[in-house]
Each structure stands twice: as C-alpha cells, then as structure tokens.
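Asker: Now for the letters of each chain:
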Amino acid sequence: MEILKNAFAGTMESSDAYVEIMPGDGNIEIQLESVVKEQFGKEIEEAIKDVLEENEVKSANIRVVDRGALECVIRARVETAILRGKGNE
Amino acid sequence: MNKIVKSIKEAILLSNLKDGMTISFHHHLRNGDYVLNMVMDEIAAMGIKDLTVNASSLFDAHMPLAGHIKNGVVTTVQTDYIAAGLGREFSEGIMKNPVQFRTHGGRPADISTGKTPIDVAFIAAPAADPMGNCSGKYGKSACGSMGYAFADAMFAKKTVVITDNLVEYPLQDYSISEDYIDYVAVVDAIGDPKGIVSGTTKITRDPVGLVMAANAAKVIEASGLLKDGFSFQTGAGGASLAAAKFLKDIMLQKGICGSFGLGGITGYMVDMLKAGCFKNLLDVQCFDLDAVESIKNDPRHMEISSMQYASPASRSAVVNSLDVVILGATEIDTDFNVNVHTDSNGYIMGGSGGHSDTAAGAKLSMIIAPMMRARLPIVTDRVTCVSTPGKDIDVLVTQGGIAVNPKNAELRQRLKDAKLPIIDIEELKAKTEKITGTPRKIPKGDKVVAEVICRGGGVLDRIYNVK
Amino acid sequence: MMRRSMLFLPGNNPNMLINASCLGADAVIFDLEDAVSPAEKDAARILVRNTMRYMDLGGCEVIVRINSVDTPYWKMDIDALLPHKPALILLPKTASKEDALIADNYMSEVEERLGLETGVTGLMPLIETAAGVENAYAIASASPRVKALFLGAEDLTADLQCKRTKEGREIEYARCRLVVAARAAGIDVYDTPFTDVNDDEGIWEDARLAKNLGFTGKASISPRHVEVINSVFSPTVSEIDYAYEVMEAIRRAKEQGKGAIALYGKMIDAPIVARAERTISMAQALGIGRGDN
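Protein chains in written order, with this note's numbering: chain A, 1 to 89; chain B, 1001 to 1467; chain C, 2001 to 2293.
Since the hints were made in silico from the structure, they are not lab data. Bear in mind the structure is a predicted one, so any value in this text is a computation, not a measurement. Errors might be hidden in some of the hints.
With a cut-off of at most 27 angstroms between alpha-carbon atoms, the simulated DSS-like pairs for lysine-lysine come out as follows [said to hold, decoys possible]:
id : chain 1 : residue 1 : chain 2 : residue 2
1  : C       : K2041     : A       : K58
2  : C       : K2166     : A       : K86
3  : A       : K42       : B       : K1441
4  : A       : K37       : B       : K1248
5  : B       : K1009     : A       : K49
6  : A       : K5        : C       : K2166
7  : A       : K37       : B       : K1049
8  : C       : K2041     : B       : K1419
9  : A       : K49       : B       : K1441
10 : B       : K1049     : A       : K42
11 : C       : K2166     : B       : K1248
12 : B       : K1009     : A       : K37
13 : B       : K1254     : B       : K1194
14 : B       : K1467     : A       : K42
15 : B       : K1447     : A       : K37
16 : B       : K1431     : C       : K2085
17 : B       : K1444     : A       : K42
Output of the computed footprint for chain A on chain B, the stretches with three or more beta carbons under 8 angstroms from beta carbons of chain A [said to hold, decoys possible]:
id : segment
18 : 1135-1149
19 : 1431-1439
From the three backbone atoms N, C-alpha and C, an ideal C-beta is built for every residue, glycine too.
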C-alpha cells in the first residue's frame, strides 16, 4: 500500500497513542516517543514495523507518540493512519 | 509589647539566622503556598548559605527552591513528600546531599526528640493576632487545620508567624498559641486560595476507579471491622474517595455509627460525619473547601497535630487506634512492599506522607490501585523504592482482583466467604503482564539522591538518580 | 449464557475497551454508533477489532453496536468484526423486518465469503423508533439469527415527540409491547439504560420495573449501575428455593406415576417447570442458593 498523503490517527490521552504518517523516500523511518520507552520501546517498534509490513507499506515516515497504550491499541492507531494516508478511496 | 516586625527580612535578622542552620515550613497552603518562596528569596538575598530546609511537604509551587539549591543557599532537604516537578530536579541530582524523606509521624518525632532540631520555623498563618496566636480557619487564605505546624512551633529555637490576616488580640479559637511565637510578619498574601484548597471534590467517573472503590468498600464490609465504633482514614485520590462514598452507603444501610474519621479530610468525610457515620473527625489537614467550612463550624470536627496524628515518639498517636486505612501506590511488589516515592521510571513524585504511619497503626491497611498505569503493571517483583514495608500492608484492591497478604489468613478467609474476587498476588502480576507485556527493568543510577527514613528511625531504602 | 447486565463502552476509547472484562457486566457493548463521531468511525472500528483480536476478555461476552443500515459504515463494521465472533450485533434503528433481514443476509454473505461458521453471531435489533415498536413481533421473528430485542428509549422518545422522564411513563407501552413481541417469538428482550448516573435510588426502581415487566436484562451506560442491575436480575434465595421445590415435586410425581401435580395448592405446569429450570441454572452459574440436590 502506498502512502500518498500525510495522515494522523489516535489521541494524546493516557493509554492511547498518536500516530502521524507521511509519504517516505523509499524506506521506512520510525520516530518513537513513549512514556514507557525504557520498558517497552523495542516491542513498540516491532509492532509498528509489523503493521507496516502487514499493510505492505514500503515507504513512509511515521511518528508515534505513545502515552502508555497497549500493543493492540498502538497497532490499531498505526493501521488507521496507514488507511487514512493511502489516498482518496 | 507586640511581636510585629516590619518585614520577613527583619524577622530573619532578629531570629539570628546564620549559615549552616535549619529552617522549617509547613505545607497546609499546599500548591498555593507563597511563604516558602518569599522567605527563601529574602534569605538568598541576604547571602546566607548552606541551610537545611525541613518542610513537611514540597509542591511544584516551590520550584524556585531548586535554584536556591543550585546556588548553595540550601544544601540539605528534609521532607515527607515532594511533588513530581520538583521531584524530577532532585532525581536528576541537583543536590549533593541526599534528600531525607520522613513520614508525617516520623518528622515531628525527630523534631520533638531533637534528632532534627529547627533553628527558625516560618509558619504561614491564614489568621494571626499581634502576639502570634494563629489559626488556619479564618481569612482569605484559610486552609483549615494547621496540624503539621505544631511541632515546628513548639520545638524551634525561634518562630516566625507570617500572615496576610492580622486580627485583634486575642484571636478567638487559635490553633497555635502565642507562647510559642517570637515574631509576626504581615504580608499581602501568604498564598493563592485556588491552590490551597480545591473546590468541592466530585466522585470519580472513571469506570475502573468505581469498580475498585466498590470492591474496597466490600472488603471493609467483609473484614469484620465495620461495626459501631469503627474508625477510618482514606486518601484524596479519586478511587479512595469513591470508596468512602460506597462505604457511607453501606454504613447508612446497616445503621452503623463509627467513632472517628481521620487524616487529611475531604468533603466526603464531612458528608459521612453529617450523615452520622462518625461521631468525630480528627483532622491534621483539610483538602477542600467543605472540610475548611466544617472544621470552622462543627465542634465534632477537631484539629489534631501531626504528633497526635502519627508520631511514634508521642505517648499515644491516633493512627494506633485506627481500624481501616485506604492508601494508594505507584508500585507494589509481590512481598506487598509499597512505593509512593517514585514513578516507575525512578523519578521522585511523592512521598510517604502519612502512608507508613497509618499502615503501621491501622488494623486493616488497604492499597487501592489499578492493575496498570500507562501500560506499566502495578505489581512488580521488587518496588523501585520501599516506602512502606509489606509487613504493614494487608490487602491490595485492583479492578482485576483482590490480593490478600498471606500474613493475614483470617482476612483472606473472610473475603473468600464473602465471595469477593480474591487472587494470589503472583497470579495478579502474571495476569497483568499478560495484558501489558513484561516491562524491562530500568537501570538504577549510581548516586543516592534520597533516603527514606523509617518512622521509627533508620534508613528503609535509598532512591538513586535517574540517568 | 447469563446476560443480566450489558454495559455500553465507547468504541474509540482505549482505556475503556481494555478494561471491559473488569467492569462487572455480563456483557459489554462496544459502541461504534452514537459514541463515535463520523470522522473517527474507521479508527473505532479498527480499535474494537484489535481489542477483540488481541485481548483476553475472560468470561465477559462481547456485543458490538454497529452503525445503522442507512449509513455508509455498517457493512465495513460487519466485515471487520464478524471474524472475531461477537456474541451479538446490535443493529440500531431497526424499524422493520426488512431492516433486520438486510443485516442478517449481509452477515450470512460475510460468513460464507470468509468461511466462518454460520450463525455464530446473533442479531439484536435495537428498537428505537415508533415504527420499530409497531413492527416489534415481525422483527423479532424475522430470522433465526434474531436472538433478542433491545429497547432504546432516548431515540424513541424523540421520535414519539415526547420528553424522556425518569419515571418512564412515556415508554411504558413500548416496554410492554417489546416484551410481548419478544416472548411471542421465543427470544430474549433487554431494557434501555437508565441515564442518570448519579441517581442511586432511581436505578434500583428502574431495574426492578424492567424485571417485573418481563425483561431478560437491562443495559447500562455507567459501571455504577451494573451491580444494581445484576442484583435485580439475579434470582433471590426464595425464588431459588421454590425452584428446587418445583423440581423435587416433579421428580416425586414421576416416581409415583402421577400426571398432574400441585405445590402449595397450585398446579405445576410446563411454563412453571421451565422457569424453575432457568432459575436453577442461573443460581448455579452465580454460585448462590443451595448446591446440588
């Protein structure tokens, strides 16, 4: 799936995550801020990559501001951003 | 004769404050307090250095203190609680000497026994007369009880009352009497009323908080302690307050008349008093306007000093007559040790306050906390900091089940008989981690930034810097 | 499946969804309709789907309120959620048998397309229009997939052009009509939420009224009401004792080869036995009343 436009999803509320996605330059760039980065940073990055792969996104800049969301929530927010960024369908 | 001085500066000069001495403050004006900053600014301007500040609590309104520490005006801090903003500064290592954390009972004990002598006490007073009789109940900056200021007034070498509400002599219904006071300084405002007490506290709408609160009330009901003569303390957190509301419903329904409600007092406890759930409130600190109004007008609502509240050096303290206390936690470990000093990243964001005192004294000490906060499980293998030892904790109430400390087998059986959802604490930890994942441990820093001193003396735990 | 209480949870609120199983309700309703703004329909749908996919919700049954069939969202809602086997789809604004069948047929289509077992997820029409009330029996008996009716009083009173009151006189007819229609069709029926979350007395009265009218259970928008609803819709100790006595009388009558039997001077007939069986199975599920005898 190709990211054609900037899109965002989620909120900055506690237990949620805010995700911004932008068209990339042929690769994946992930920028992660998290209140639990020390404890769960690796797992969160893995989850983000996993959702990008599932949706066959090969080129995107993605910024995630995690406010202590569970993995299933982060995955949902990333997927929503991807679907919103894929164009005018 | 009167004791009025022209300014805070004159009081400082007269009190003979010198480098290396100890000054003290109480925290009844909470996050609205102006007095600590006003005094510290004067002291800094006068060039006095190397002071010890003994404050019953420090709030984010006191952020300028960090500057005085960096400039060497203050080199030691003794306190019972530090709010998150200022706590972060200490955790990042702004001070060479570790903070000395005591409890609300341990602080006055060490003051009264001379372990932590005070040279000059600065007492913010919402009402005072020219001889220094003072009270927290009257005036635009009213805070209600002045319980934490008594030990300072009684044992400091010099005592300065700072007020924005000078009244005719003698002040009626004073809390601290003139025989303890040396000087009275009058200022425009001792605090911001909005930060001193909150408005009417409303019951939490957070569904998880409500579930925990309902379970907490049921635990108390099933504990066997809820009968005529019952005594109770609860914190000011949302779920703790909701628990008080549910407890009230049960007490009214069963026609139980308790003896006293204790502690920091909120409108919820006042409602319970008015409804006949208690005969008295014993109040060391007021949290909201309803509490301030009540302590002013209702003789059943009585002010107590922190020495009477919780000091292990007193001939007796109220905490030892307490049946049930509801307390919070940032973390609790599988041995039931509780952390209320730091967050899970290790930053200082609180303190014991009366936590350890009431837990040690009460027959039933209950922790109420969600299974997780921002993906971090509440139950850990080992808390980042032991604020209250597990031996003093009886039960943990979460939305995912109620864990009873194995030392209290009787309570466990009672809760089981009442069909409450009990769960082994190890199992609760596993259940939570199944939802959150297992968090990686945060590496400790190499510098001790604070020591947690047991209410009976001795270091209970050390807090390290955050890298 | 015991379903005394159902708790609505907003579909785009992570904190609520992840705690669904801890809130004491027999079933939770993940709401994709009124609780979610049009701009967030996609986000809520994915969030609810992930909650169902990844979270262990324990013994708590999941119902999803999808968007109504006159919106562009409802098919996407069904597409995304059916694979995760919600117990029921709550279909808002069901006004006719046809509305129910449109959803039913599409659910069957998705089941076939995705190779899902047929009929695992039931349909619960939400009756919240005057037409829906008038068509209640036709809706209730529209298809075997329709497992229960659900009364929504807020929208209904708007449609009736009357004020929603705490006493609920204005929905008395609708309540009775729905109970009769559902029972005639042999399915369950659930009462509308009591909306004043701070009225601790009112919820008791409202729940008791619903139980007395014949509702199977009651929905709620606040966890504070769940416990009251559970308590009102649980069998009482005397109801349980009576149920056991009925079963015992039946057993003895069979032993003695008697046809008709009486208990306390009242004939025990099939509906009484059926009710006694329901009471006992509920009591056993709740672990209340006497044990196994």
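Asker: Hints first: check each against the structure and report whether it holds.
Answerer: Here is how each hint holds up against the structure:
1. For the given pair, C/K2041 sits about 26 angstroms from A/K58 by alpha-carbon distance, which is consistent with the 27 angstroms threshold.
2. Our distance criterion of 27 angstroms between C-alpha atoms is broken by C/K2166 and A/K86, whose separation comes to about 48 angstroms.
3. The suggested pairing of A/K42 with B/K1441 holds, with an alpha-carbon distance near 13 angstroms, which does not exceed 27 angstroms.
4. Pair hint A/K37 plus B/K1248 does not hold up; C-alpha atoms about 42 angstroms apart against a cutoff of 27 angstroms.
5. A hinted pair counts as satisfied when its Cα atoms are at most 27 angstroms apart, and B/K1009 with A/K49 does not qualify at roughly 62 angstroms.
6. Distance restraint check for A/K5 and C/K2166: the Cα-Cα separation of roughly 49 angstroms exceeds the 27 angstroms cut-off, and the hinted pair is therefore not satisfied.
7. Taken as a hint, the A/K37 and B/K1049 pair is broken in the structure, with Cα atoms around 40 angstroms apart against an allowance of 27 angstroms.
8. With a C-alpha separation of about 40 angstroms, the suggested pairing of C/K2041 with B/K1419 is violated against the 27 angstroms cut-off.
9. Distance check on the hinted pair: A/K49 and B/K1441 sit about 24 angstroms apart at the alpha-carbon level, within 27 angstroms; holds.
10. Restraint check for B/K1049 and A/K42: the C-alpha separation of about 47 angstroms exceeds 27 angstroms, so the hint is violated.
11. Straight-line distance between C-alpha atoms of C/K2166 and B/K1248 comes to about 25 angstroms, which keeps the hinted pair within the 27 angstroms bound.
12. The hinted pair formed by B/K1009 and A/K37 fails the criterion: a straight-line CA distance of about 48 angstroms is larger than 27 angstroms.
13. Annotation: proposed proximity of B/K1254 to B/K1194 is violated, straight-line Cα distance about 38 angstroms (limit 27 angstroms).
14. Of the pairs offered as hints, the one joining B/K1467 and A/K42 holds, with about 19 angstroms between alpha carbons and a cut-off of 27 angstroms not exceeded.
15. Distance check on the hinted pair: B/K1447 and A/K37 sit about 23 angstroms apart at the alpha-carbon level, within 27 angstroms; holds.
16. About 23 angstroms separates the Cα atoms of B/K1431 and C/K2085, which keeps this hinted pair within 27 angstroms; it holds.
17. Straight-line distance between C-alpha atoms of B/K1444 and A/K42 comes to about 20 angstroms, which keeps the hinted pair within the 27 angstroms bound.
18. Residues of the segment 1135-1149 of chain B with a Cβ under 8 angstroms from some Cβ of chain A number 0, which does not satisfy the need for three, so the listed coverage is violated.
19. With a cut-off of 8 angstroms between beta carbons, the segment 1431-1439 of chain B has 4 residues touching chain A; three or more are needed, and the interface restraint holds.
Of the numbered hints stated above, those contradicted by the structure are hints 2, 4, 5, 6, 7, 8, 10, 12, 13 and 18, listed in ascending order.
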